[in-house]
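Q: Got chain A sorted already, so can you dock chain B onto it with the hints?
There are 2 protein chains.
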Amino acid sequence: MNNHDRKMHLNLFLASMGHHEASWRYPDAPTEHLFNFTYYKELVKKAEQAKMDSIFLADRTSTSSKSVKYGALTPFEPTTLLSALAVVTEKIGLIGTVSTSFNEPYNVARRFSSLDFLSNGRAGWNIITSGTDSEAQNFNLDKIPDHALRYKRAKEFLDVSIKLWDSWEDDAVILNKESGIFADSRKVHEINHKGEFFKVRGPLNISSSPQKRPVLVQAGTSENGKEFAATYAEAIFTAQQTFADAKAFYNKVKERVKKNGRNPDQVKILPGICPIIGETKEEVIETESKLQELMNFDHSLMQLSNRIGTDLTSAKLDEPLPELPVIEEIQGHKSRTELIIELAQRENLTLKQLLIRLAGGRGHYTIVGTPQKIADELEYWFLNGAADGFNIMPQIMNPDFDLFIRLVIPELQKRGLFRTEYTGNTLREHYGLAIPDNQFMSI
Amino acid sequence: MNNHDRKMHLNLFLASMGHHEASWRYPDAPTEHLFNFTYYKELVKKAEQAKMDSIFLADRTSTSSKSVKYGALTPFEPTTLLSALAVVTEKIGLIGTVSTSFNEPYNVARRFSSLDFLSNGRAGWNIITSGTDSEAQNFNLDKIPDHALRYKRAKEFLDVSIKLWDSWEDDAVILNKESGIFADSRKVHEINHKGEFFKVRGPLNISSSPQKRPVLVQAGTSENGKEFAATYAEAIFTAQQTFADAKAFYNKVKERVKKNGRNPDQVKILPGICPIIGETKEEVIETESKLQELMNFDHSLMQLSNRIGTDLTSAKLDEPLPELPVIEEIQGHKSRTELIIELAQRENLTLKQLLIRLAGGRGHYTIVGTPQKIADELEYWFLNGAADGFNIMPQIMNPDFDLFIRLVIPELQKRGLFRTEYTGNTLREHYGLAIPDNQFMSI
Numbered sequence: 001m002n003n004h005d006r007k008m009h010l011n012l013f014l015a016s017m018g019h020h021e022a023s024w025r026y027p028d029a030p031t032e033h034l035f036n037f038t039y040y041k042e043l044v045k046k047a048e049q050a051k052m053d054s055i056f057l058a059d060r061t062s063t064s065s066k067s068v069k070y071g072a073l074t075p076f077e078p079t080t081l082l083s084a085l086a087v088v089t090e091k092i093g094l095i096g097t098v099s100t101s102f103n104e105p106y107n108v109a110r111r112f113s114s115l116d117f118l119s120n121g122r123a124g125w126n127i128i129t130s131g132t133d134s135e136a137q138n139f140n141l142d143k144i145p146d147h148a149l150r151y152k153r154a155k156e157f158l159d160v161s162i163k164l165w166d167s168w169e170d171d172a173v174i175l176n177k178e179s180g181i182f183a184d185s186r187k188v189h190e191i192n193h194k195g196e197f198f199k200v201r202g203p204l205n206i207s208s209s210p211q212k213r214p215v216l217v218q219a220g221t222s223e224n225g226k227e228f229a230a231t232y233a234e235a236i237f238t239a240q241q242t243f244a245d246a247k248a249f250y251n252k253v254k255e256r257v258k259k260n261g262r263n264p265d266q267v268k269i270l271p272g273i274c275p276i277i278g279e280t281k282e283e284v285i286e287t288e289s290k291l292q293e294l295m296n297f298d299h300s301l302m303q304l305s306n307r308i309g310t311d312l313t314s315a316k317l318d319e320p321l322p323e324l325p326v327i328e329e330i331q332g333h334k335s336r337t338e339l340i341i342e343l344a345q346r347e348n349l350t351l352k353q354l355l356i357r358l359a360g361g362r363g364h365y366t367i368v369g370t371p372q373k374i375a376d377e378l379e380y381w382f383l384n385g386a387a388d389g390f391n392i393m394p395q396i397m398n399p400d401f402d403l404f405i406r407l408v409i410p411e412l413q414k415r416g417l418f419r420t421e422y423t424g425n426t427l428r429e430h431y432g433l434a435i436p437d438n439q440f441m442s443i
Numbered sequence: 001m002n003n004h005d006r007k008m009h010l011n012l013f014l015a016s017m018g019h020h021e022a023s024w025r026y027p028d029a030p031t032e033h034l035f036n037f038t039y040y041k042e043l044v045k046k047a048e049q050a051k052m053d054s055i056f057l058a059d060r061t062s063t064s065s066k067s068v069k070y071g072a073l074t075p076f077e078p079t080t081l082l083s084a085l086a087v088v089t090e091k092i093g094l095i096g097t098v099s100t101s102f103n104e105p106y107n108v109a110r111r112f113s114s115l116d117f118l119s120n121g122r123a124g125w126n127i128i129t130s131g132t133d134s135e136a137q138n139f140n141l142d143k144i145p146d147h148a149l150r151y152k153r154a155k156e157f158l159d160v161s162i163k164l165w166d167s168w169e170d171d172a173v174i175l176n177k178e179s180g181i182f183a184d185s186r187k188v189h190e191i192n193h194k195g196e197f198f199k200v201r202g203p204l205n206i207s208s209s210p211q212k213r214p215v216l217v218q219a220g221t222s223e224n225g226k227e228f229a230a231t232y233a234e235a236i237f238t239a240q241q242t243f244a245d246a247k248a249f250y251n252k253v254k255e256r257v258k259k260n261g262r263n264p265d266q267v268k269i270l271p272g273i274c275p276i277i278g279e280t281k282e283e284v285i286e287t288e289s290k291l292q293e294l295m296n297f298d299h300s301l302m303q304l305s306n307r308i309g310t311d312l313t314s315a316k317l318d319e320p321l322p323e324l325p326v327i328e329e330i331q332g333h334k335s336r337t338e339l340i341i342e343l344a345q346r347e348n349l350t351l352k353q354l355l356i357r358l359a360g361g362r363g364h365y366t367i368v369g370t371p372q373k374i375a376d377e378l379e380y381w382f383l384n385g386a387a388d389g390f391n392i393m394p395q396i397m398n399p400d401f402d403l404f405i406r407l408v409i410p411e412l413q414k415r416g417l418f419r420t421e422y423t424g425n426t427l428r429e430h431y432g433l434a435i436p437d438n439q440f441m442s443i
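So the protein lines, in turn, are chains A and B. The opening position of the first sequence corresponds to residue 1 in full-length UniProt numbering, with each subsequent residue numbered one higher. The opening position of the second sequence corresponds to residue 1 in full-length UniProt numbering, with each subsequent residue numbered one higher.
The following block holds chain A by itself, in its conformation from the complex (with noise of 0.2 Å):
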């Protein structure tokens, strides 16, 4: 693909009333629609008229009466959200997370299947590990097991996924009314799988669906998240705050997958990007100051000990960060919890500035401008070897999603970066993603 005809892939990662902490606070946000579904198929809609690559749900298996006292929380689960959103939208890819670490395979593998079914192959999965002990403690656990068990457990998890995906081949339904023959036994297999963690028998109870399977998103960013992500991943969400970073870990990243004899371009690289968006100066400085006002440094300062797991709870709001355990003895989220300090570091930030600088987008990099700032900084990023596109996290949907359509992806459109036509119905197909091969094929 010559650098002309390459576009970028955006994809929306939905967050209620957007990824500022303070965005349901905002006072043009539609709050009291949090609990409707009406209101995210609206955003999704807009998206795919904006001809959207895809978007995104986070998630995760706890929260805590302390947590909720002040942060807003939706009541949906992805994997039911996005089966909802899939019979009322047509094009865009719709991803979920579900976690690898108190789940089963076959739940899992099976429902991605019966979203790819409902959406006619738009299907993805962004692979977790769950990461605190608070969510350890709604499975039968006190404390997380460590980071590493983790991962070879997420490890095994997906061999058994792509097995049990792989149990139909793709011909294996006959579906002769005449014969009587619904399927061709000998193209749906047992896996027999016995490993460390997973006994799996097989097959699926699902033949195979339109894109065979899910599309693997991954987004850990640890060296055990980089490893996982090059054997598995076929687009990975990463938090990255400075161009240099964001284009050392785009370099490293597709070496590795080079290495484990992949296609480094079967594995898009899309960094998170946290806009606030106005269409003068003013306008952004007015937005930002305003959702800064409704902070909650209480709330804000336990969102952070929980990301970094370590209870910062009683530290001094106006002294620098105080010192966290050594980045090799973290067991929760690795990566995002070693960005945080850098940046702390690297602009000498007091504890409140540093909380500010995450409100937006919790260590994801926050752009604030005019759309023209925002198009530069993208096309930036994206020609010169940092990002095969971006995951859009506006800092309150209300505007910033909506400038973003209307004047950021325009003018995208203009520079010929950005679709202006979906060209296919696939997730896979807007990605630019092949079907990966059937291992059991042909046996």
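Please keep in mind that the hints were generated in silico from the structure rather than gathered at the bench. Among the hints, erroneous ones may be present.
Calculated pairs, DSSO-like style, for lysine-lysine (alpha carbon to alpha carbon, straight line, at most 27 Å) [said to hold, decoys possible]:
1. A:66 <-> B:212
2. B:45 <-> A:41
3. B:45 <-> A:45
4. A:143 <-> B:194
5. A:41 <-> B:46
6. A:177 <-> B:66
7. B:155 <-> A:66
8. B:41 <-> A:41
9. A:199 <-> B:155
10. A:290 <-> B:177
11. B:66 <-> A:199
12. A:152 <-> B:199
13. B:69 <-> A:177
14. B:152 <-> A:199
15. B:69 <-> A:212
16. B:194 <-> A:69
17. A:177 <-> B:41
18. A:143 <-> B:155
19. A:46 <-> B:41
A: Frame of chain A; chain B shown alone:
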């Protein structure tokens, strides 16, 4: 409620082309749409136009290359399919089967809350334990745990789920933009459950859903099943071969519910009814014999073997059902096996005759007749203490379900036995079920 006002409840047991095992081969069956959501959507919309209370999806978490050779398999998993159906319908209840044997309560409670939000209060959960080795083998086991142990786990699974649904009091969400308070943290509770099978801290990461909890449905009719139903169920789907059996079951369950300190009116009993309908007797006979001609007895024998957990594939078709293990030793589908043995003995059937009798509804009551005859039968059971309504299982969707809607339902309405308009919006309202008390309220 006096008898004049009492209306029956009608649930459509959705099964792609129909409940007869040869229905997918029937000439008029739109089998080419087996994989299309639109087909299911249209069926459910029809049921909704007819003012039926609910639709229901069964489930099983395994298949085999042998059983899909002749048996059609649908591609949808219940919670994902129901979520999709939720947003294209408005009134009809949506009941899905999820097993307690190979899932975690936090995940399941959450998905049903999500479905309840997506449907604005129309979610129902048919609670099962998985009964076969082939399912166990997809979840790290060699053999299915014994019947009593599965029910013990199911009971604790329910206790945890109910605590999780109760973990948010009804008025916990405050959503005040001004003060920045999202929830009253005193009304969001850790559940701190510690039992034999589960340790779960809570709270659920979804606030209290429109129905507070899904309608709890149960279908097991073994001793363990009946006890479970008397404790938890709000609706019971049951297989009963005769009016006398249905009436005895009805009385026994309602009594046991009462003994458990619950109101027997709050547990609705819906026997399964598998009709073949024709406008004339000749039409009925023609449909019935056409379906019989399309049966594959190899397949039927395998299905029966799976159902009762005993390999009958080499048994002789023209002889009586061979001796089976005594009921006490059956670890799989206990009560259904008992029903099948009784049916064969009572009517002195050869194995082949038994297979024909089971083909239309796997042990549920089959009625073959004109709309008038079907309505008479339903009325008799309903008015004489054998049923609060029925689980309608058309042997072939097309034409049986169409005929049921076009001719049987209007007949029932004419007789004042079935609603002509929905009077409520939620599944609880359709079934006349109260919202249960929250165990954490006013603590």
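Q: Taking the earlier hints as the rules, which of them does this structure contradict?
A: 7
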